[in-house]
Amino acid sequence: MSLRILVGCKRVIDYAVKIRVKPDKSGVITEGVKHSMNPFDEIAIEEAVRMKEKKIAKEIVAFSCGPTQCQETLRTALAMGADRGIHVEVSGPEYETLQPLHISKMLAKLAKDEQIDLIIVGKQAIDDDCNQTAQMTAALLDWPQATSASKIEAKDGSLQVVREIDGGLETIKVKLPSVVSADLRLNEPRYATLPNIMKAKKKPIKKLAPKDLGVDVSPRIQVVTVEEPPVRQAGAKVENVDAVVEKLKALGHA
Amino acid sequence: MSQHSRVMTLYKTLLHLGKEYPGGYPYFRNKLKNAFMKNSSLKDPKEIDSAIARGEFVIKELEALYMLRKYRALKKRYYED
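Here the protein sequences line up with chains A and B, keeping their order.
The opening position of the first sequence corresponds to residue 1 in this note's numbering, with each subsequent residue numbered one higher.
The opening position of the second sequence corresponds to residue 1001 in this note's numbering, with each subsequent residue numbered one higher.
Because the hints were derived from the structure by calculation, they are not lab data.
Do not rely on the hints blindly, as some may be mistaken.
Partial list, derived from the structure: chain A residues whose beta carbon lies under 8 Å from chain B [as the list claims (entries may be wrong)]:
(1) His35
(2) Pro39
(3) Glu188
Glycine included, C-beta positions come from ideal geometry on N, C-alpha and C.
Isolated chain A, as found in the complex (with noise of 0.2 Å):
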């Protein structure tokens, strides 16, 4: 088997950047934040240079839309072992209205255009935590599935998954093409290493905008309002058992 691998890599904040909403509520502060790879996505290119490394995949490109600066995202999906990048460049406003449906037609186009074999992204962002794109990807290009993939093997022509299920694990087998989702315990992703990030620079970058995708950017969902979690409120002690009964009566939980 020698597979085309499109992999997508989301620009987000940093896993471990605490976040902080905006004071008008209308989203949250990313000005001079630390942003980094979706960690789930870094699992899905690990995957996919595991795939080459094993002869089963013979090129990964890496995708990502957004601003200038996911050409250091792409950068560091190049260091991890992919060949090439194609960065969709949306900015301003737009960006910020950016949506699943939007990244899964873009990526159903590509798909197309370059000859992909298998789809591979990280099951969720960290910053939406949508969990659709892998889902309206395979539906607009009526690829079958298989998403919270934990394990992946490939046998002639297909793919057996072990998917994580809130039951368990679910084993199941798909035709390819198809596109999967990675889930956390898929694989262990390297660490892109300066002189692996050197190396990288030579690799191709394929700039892009979205009408040559023949995507429409526009929104379809707005976002009303954006609030912090509440505060906790303080917990009280007490003595003994028919003190927490009191406590609880006079908070009017009978």
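Given the coordinates of chain A, work out where chain B should sit on it, guided by the hints.
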């Protein structure tokens, strides 16, 4: 690769890794500089080789630290035990 350029590459790699250090980049950069300065007077190539090997061990330790930290944070956030 000459020993001098190996040392330089090691320093730059560690410096780049330090950007994600939980204790903060300035703290890491200071410690890194002091550690390299302490060994700056080494002359014997074998000693320099073992110092470089120690540096490469630190790289592996840092990568493991970052990986564990990220895995634990995501597991805590997304999975109920």
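Tested hints:
A least Cβ separation of about 12 Å between His35(A) and chain B goes past the 8 Å threshold, and the interface hint is therefore violated. At its closest, the beta carbon of Pro39(A) sits 6 Å from a beta carbon of chain B; the interface hint therefore holds under the 8 Å criterion. The interface hint given for Glu188(A) holds, since its Cβ lies 6 Å from the closest Cβ of chain B, which is under the 8 Å cut-off.
In this structure, the one hint that does not hold is number 1.
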